[in-house]
Amino acid sequence: MASAIQPPVRKPDAPFYFKTSEHLLRIGRYRANNLAQLLNAIQSCPEDSIFQHTFRTLQEHHFIRQGFSNDFAHWSLFACNEPMLAEQLASVDIREFTSIEGVRRRMIEIVDHFLHAQPDSGSRPAQEPFYFCASDIVVLPTPYSPETLKGFLDGLNQVSVHSIHHHFIEARLRLKRMSNDFSTWLEEDVGLADAADAIERIDIYTNTMEGVRLQIARIVSQAIN
Amino acid sequence: MDSENQSASSHGTSSPSQPSGEIQERSTSPGMRFPERRLADRRNGRSVPASLLTPPTPPPPPHLDDYASIVGRAQIESLRFLADQLKGKSIKMVNSTALGGGVAEMLNRLIPLLSELQVPTHWDVITGGNDFFEVTKAFHNALHGKAYELTQAAKHIFLMYTEQNRQRMHFEEEMVVIHDPQPLGLVLSRAKTPASWVWRCHIDLSNPDRRVWEFLRPFVEHYDAAIFSSQSFARQLSIPQYLFYPCIDPLSEKNRELSDAEIQQVCDDFGIDRSRPIVTQVSRFDRLKDPVGVVQAYKLAKKYVDCQLVLAGGGANDDPEGAAVLQETRDAAGDDPDVVILDLPPWCALQINAIQRASTIIVQKSLKEGFGLTVTEALWKGKPTIAGAVGGIPNQIIHNLTGVLVHSVEGCAFQIRYLLTHPEFARTIGANGREHVKENFLMSSNVKRWLLLFRILEQAKARLPKAA
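Chain order of the listed sequences is A and B. Under this note's numbering, read the first sequence as residues 7 to 231, first letter to last. Under this note's numbering, read the second sequence as residues 917 to 1384, first letter to last.
Hints listed in this document are in silico derivations from the structure and should not be mistaken for laboratory results. Honestly, I wouldn't trust all of these hints.
Within a straight-line C-alpha distance of at most 20 Å, the following computed EDC-like cross-link-like pairs (lysine to aspartate or glutamate) qualify [stated by the list, open to error]:
| # | chain 1 | residue 1 | chain 2 | residue 2 |
| --- | --- | --- | --- | --- |
| 1 | A | Lys-25 | B | Asp-1000 |
| 2 | B | Lys-1219 | B | Asp-1252 |
| 3 | B | Lys-1354 | A | Glu-216 |
| 4 | A | Lys-25 | B | Glu-993 |
| 5 | A | Lys-156 | A | Asp-200 |
| 6 | B | Lys-1284 | B | Glu-1244 |
| 7 | B | Lys-1377 | A | Asp-142 |
| 8 | A | Lys-25 | B | Glu-1355 |
| 9 | B | Lys-1284 | A | Glu-134 |
| 10 | B | Lys-1354 | A | Glu-66 |
Among the chain A residues that face chain B by a calculated CB cut under 7 Å, a handful are [as the list claims (entries may be wrong)]:
| # | residue |
| --- | --- |
| 11 | Glu-28 |
| 12 | Leu-30 |
| 13 | Leu-31 |
| 14 | Arg-32 |
| 15 | Ile-33 |
| 16 | Ile-70 |
| 17 | Phe-84 |
| 18 | Tyr-137 |
| 19 | Val-144 |
| 20 | Leu-146 |
| 21 | Val-165 |
| 22 | Ser-166 |
Where is the CB? At the ideal position from N, CA and C, for every residue including glycine.
Kindly produce the complete structure, drawing on both the sequences and the hints.
What follows is the structure, encoded as structure tokens:
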């Protein structure tokens, strides 16, 4: 039986402008010495601190495949020895959120629920404090603004993992919707809705950022061929 | 910067503008010969290469493109894009010594790279008499937590030399960076300048002597920003505080790739057997580095696994306490032929590099630590690393992911056993550790942070209302 003939991939309506973002870490005013203080600080710290310890974690530790999803989870396990809380915090997928306030509310909910169930855990001193930080961000251009899918693949291969993070993870805060820059471009400017959807479904928590890059490249290559 | 950093190799060519002969030198001078008897534990009749007795000639500093093969072309492009917006603007760095010490070594590498990016960076050094440097040394120790009786005379000396240096120096650059407490008071000149002023504090301020800190704090709060090496080293301040990790240079003699022949040569020189597991700690012979604890951990581990222990460091030549610690370490090792203790001069960067690369596991069992650049060096070489959870080490070692953290001799012994018998896990954390360093603790990241800070401060300045 003959396979269904795919329509040829069209030329993109607009170039894809690869950008990258660089971050300078700022030390914040908040710190927590136990879980009760962590809860208070998550409730009142600036949004950029929540961003730092959730979205940015994946960028700072982009080379780790497992066991590191956000700083709150990591600290709960290694400084507070609370594996259940750590697992619950680690299960928060930042890609389900298009605003920092949404992430904050979810984190508060989890820690608050845990401390209601385990009130003694709140005041137990952590092995080391949690220091709330934030980043000053500078978005930079790159030399890559491809007008073809082949050029897109070349650019994807050349840019830094920070650029991948910028377009794939941080983008949803900018776009305010459940998508990323790559999927948006592929769907709207190239008409590759299936590829866009497949890219959006890449699991960022079981992949390194290099792994994400490879999967995006594979999906786009398959769409071209 | 902590003295730990003084072991890093230096072969830069930048030099600060300074009146010669006025600066106190407190470091090993080029041309110095190291006492041969100190070089190695010669219990086993190991020979010592004569080439180590005098410092080698430093190679020229690298160029920006030399880093591309290490960090990727994209990272170098980012640096160029960042610098583009700063062209024509300049930086002044001020510290208290032109030679020796981690700050001078870092500036020697940083300044040529910033200049290559067309961000001219000038380096100036404050001057002072013995009385000034005695006071600032006491301040340094007091800021580290040592009790100190702050007298009016000490304050007077600090302020007098600050004033002398202010009269001598000019601040025409767009950003002025003052390193450490000695030149802190130069910020009193800021009203006369258009610059953003930044204090780069290389020391741990987490537990300072209260009186000294209260004396210095008003100067600090006169700056536009402060920079610390770890979150845990910072204080609550009214100005923004940034986190700049110390860094290593992947192209220095201490960290560059070595051929197998180079590694083998060093191991042969020191009687290290590469066919058997090697556990190494590189650090000064200092009680806070706990070399005796490392020997104890090795002995506990050796009941279960075969290995050699190499303790390579310095500090016993010019420090009476270092000599005592070296002797204690030798006593703890006893007549075990598998323990190699090397008291090396500061210029043995290549030898340290080779020993680290030959090692199966690297240990840094510190009881107190600055940032711990020897840990950075170990991670960069992809070595599974066991380290005390102190100072800046937890910034580098994420437990069980980029290395392992320990809190006791017993914990250290167990981890030596575990890593030697689980090579796949050891390889994974070693590889993760190298990536962590590549991302955060290399010279190229340091250049990026300075450019980012400069841009951020320039943007902040542009947002300020113009003075009438």
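Taking the least C-beta to C-beta distance, is A/Phe-84 closer than 7 Å to chain B?
-> A/Phe-84 check passes; min Cβ-Cβ to chain B is 5 Å, inside 7 Å.
Taking the closest Cβ pair, is A/Glu-28 under 7 Å from chain B?
-> At 6 Å from the nearest chain B Cβ, A/Glu-28 passes the 7 Å test, so the hint holds.
When you check the alpha-carbon spacing of B/Lys-1377 and A/Asp-142, does it fall within 20 Å?
-> At roughly 15 Å apart (the allowed maximum being 20 Å), A/Asp-142 and B/Lys-1377 satisfy the hint.
Chain B contact restraint on A/Leu-31 - CB to CB distance below 7 Å = 4 Å, holds
At a threshold of 7 Å, is the proposed contact between A/Leu-146 and chain B supported by beta-carbon distances?
-> This hint holds: A/Leu-146 lies near chain B, its Cβ roughly 5 Å from the closest one there, short of 7 Å.
For the pair supplied as a hint, A/Lys-25 and B/Glu-1355, is the alpha-carbon distance within the 20 Å limit?
-> At roughly 18 Å apart (the allowed maximum being 20 Å), B/Glu-1355 and A/Lys-25 satisfy the hint.
Hey, B/Lys-1219 versus B/Asp-1252, does the alpha-carbon distance stay inside 20 Å?
-> 13 Å, holds
Hey, B/Lys-1354 versus A/Glu-66, does the alpha-carbon distance stay inside 20 Å?
-> 11 Å, holds
Would the stated hint for A/Ser-166 survive a check requiring a Cβ distance to chain B of less than 7 Å?
-> 4 Å, holds
Distance restraint between A/Lys-25 and B/Asp-1000, which requires alpha-carbon spacing of 20 Å or less | Measuring from Cα to Cα gives roughly 16 Å; hence the hint holds.
Grab the minimum C-beta distance from A/Ile-33 to chain B and call the hint holds if it beats 7 Å, violated otherwise.
-> 4 Å, holds
Per the CB criterion, is A/Arg-32 less than 7 Å away from chain B?
-> 6 Å, holds
This entry satisfies every hint, going by the numbered hints stated previously.
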